[in-house]
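Colleague: Residue-level listing of the chains:
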Amino acid sequence: MPEIPSNHDLVPTIRHEGDKLIIAVRGEIDLHSSPDLRTALLSVLQKTGAKTLVMNLAAVPYMDSSAIAVLVEALQKLRKVGGKVCLTNLQPRVKGLLEIARLNSIFTILADEADALKD
Amino acid sequence: MNDLAIKVSAATKRFGKRTVLDQINLDVKLGETLVILGGSGSGKSTLLRMMIGSIPIDGGDIEVMGKTLSKLTTAELDEYRTSIGVLFQSGALYNSMSIADNIALPLREHTDLEEATIEILVKIKLELVGLREHATKLPSEISGGMKKRAGLARAMALDPKILFYDEPSAGLDPVTSAEIDELIIKLNKVLGVTSVVVTHEMDSAFRIADRMVLLDRGKFIVSGTADEMKNSQDPLVRQFVYGLTEGPLTERKRTGSYESDLLMENI
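Those protein sequence lines, which keep their order, are chains V and L.
In terms of numbering that gives the first Met the number 0, the first sequence has 23 at position 24, counting the first letter as 1, and numbering is strictly consecutive.
In terms of numbering that gives the first Met the number 0, the second sequence has 208 at position 209, counting the first letter as 1, and numbering is strictly consecutive.
Next up, chain L with everything else stripped away, as it sits in the complex:
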């Protein structure tokens, strides 16, 4: 575990009878930016939610910085969550608080910093994501992309050593998306922050990833660098990476149970 930030061993998750993650093994090295790719329903967001300790694992283990998440007490799990940063898809801001207060919240709740220091710190974080002039606005008064950037500022508030991003580029214009990517890269290269990014935006993935993994229907398909993924001969990887309309993913939909479903042949 010495050079590993995260070790996922045979992680399995079921919702009812459906297995959404099936024996996933995955290592994330310290200081690495790992991108988890996969289509809708591939299990990638579920894997991320298990890694941040927001849903329990049904089989296997996830170790983060040497701590096995399934063995942590509630208090230890709370402490773990303050040691990591998470950017949720929606930004997950409190609607009744200004953007500045949203970012100040973890600093007020989890540190002994004086209010004068927190005020400066919030301005620094807002500047990082280009929102300083919107500090006093409520989440309802800013766009979806700005909410996401505010969420990122809050995720960075406590200077976590590990940051998890759930679809950081979704809903952002191309310039803002590139700026967020640039920030992820800088945090990684300059400060050694370990990043786990769930996305299906390939442009962003190629910009930021040291390594990528592809999940499909809850199974681990392939792992490699951006170049290895681009040069892969696996039809599923090629279809996903290049966004091709023909390939196993679309074939699967066509040969599904549509006809028998319509004709009720299974009943």
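In isolation and in its complexed conformation, chain V is listed as follows:
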């Protein structure tokens, strides 16, 4: 499982598992920090050419809708090449926001990374 160096505090670890890119995100993501998340995600997608993005959100107690919009943007790019975004380990408030925004069906929501690797 090769690790990819990350320069972003929000994204402490990035690694490959087969054709999947596993990204752990850490901290609250709001209007101020979501541009950083966007930069990190788009840059790693461009570098690796991965088609499946697995976002482990275990260490994200809260994200606002700008962060959700960044995830949708990543999904837009991956859908164009037949890929997808899996979200794992959702905390209740993040899960709730996805439900309110009616976005829980456009992402693949899974319990944990192990499920994502099986998917």
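Be aware that a few hints might be false.
Unchecked claim - Partial list, computed: chain L residues near chain V (C-beta under 10 Å):
| no. | residue |
| --- | --- |
| 1 | L120 |
| 2 | V121 |
| 3 | K122 |
| 4 | K124 |
| 5 | L127 |
| 6 | L186 |
| 7 | K188 |
| 8 | V189 |
| 9 | G191 |
Unchecked claim - Only part of the chain V face toward chain L is listed, based on derived beta-carbon distances under 8 Å:
| no. | residue |
| --- | --- |
| 10 | L30 |
| 11 | A68 |
| 12 | V69 |
| 13 | V71 |
| 14 | R92 |
Honestly, the hints are just simulated from the structure, not real lab data.
Just so you know, even glycine gets a beta-carbon here, dropped at the ideal spot from N, CA and C.
We have chain V; now place chain L onto it with these hints.
Modeller: Here is chain L on its own, set in the frame of chain V:
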């Protein structure tokens, strides 16, 4: 102030010689939905306008998230206003901009988000209020109820922790009104958004309120849960809550100065 979002202490407002709010004390807890009830001229909208910092207070203080509004500089007050969301009665949209651009405006003005992110965010907010298919229309091309929903989408654009609603149900059909209520409840229960709602629509108030307060002629009459208000024995509360035609509110109008005014006895 730890568990308080808003603390109103002896707030007083005068327009000329008329006192429209008289020594109002009110606490709003974090994550609470507080409904401010009152008839026309009760002072409830004035109280809301003071809480959002759009009109100055004449006496007392209002603290929001630990900030005393009367002590803020103009720049700090501007910053405060971007940290809260306000749904105005009319929706308060810019007529020259499409609905989507109205919602994008605070995101473009107050954040560093890229245009691609803003575009998605606007669609998410419009979907929340059921207006996604009307994104490109101008405010003049949609109904009053739709304008109000667009105003709500704009109020939510920056994901504020506190939302103020001025008559959110007024002018809406019953189904849309119930949908807006449902959204207020979800924002509160799921995301912990603190809501202050000014209304005189009792069905809506009972659906959304954790707690209600009743204002009458600029004075604070009573505070309680929906059940406490329903079971109140206070004649004024009962008349307001149940919309009764007989009671102190109508009595006051009847015994007013109509006769002496007509006969010019005061002149």
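Colleague: Tell me, in ascending order, the numbers of any earlier hints that this structure violates.
Modeller: none
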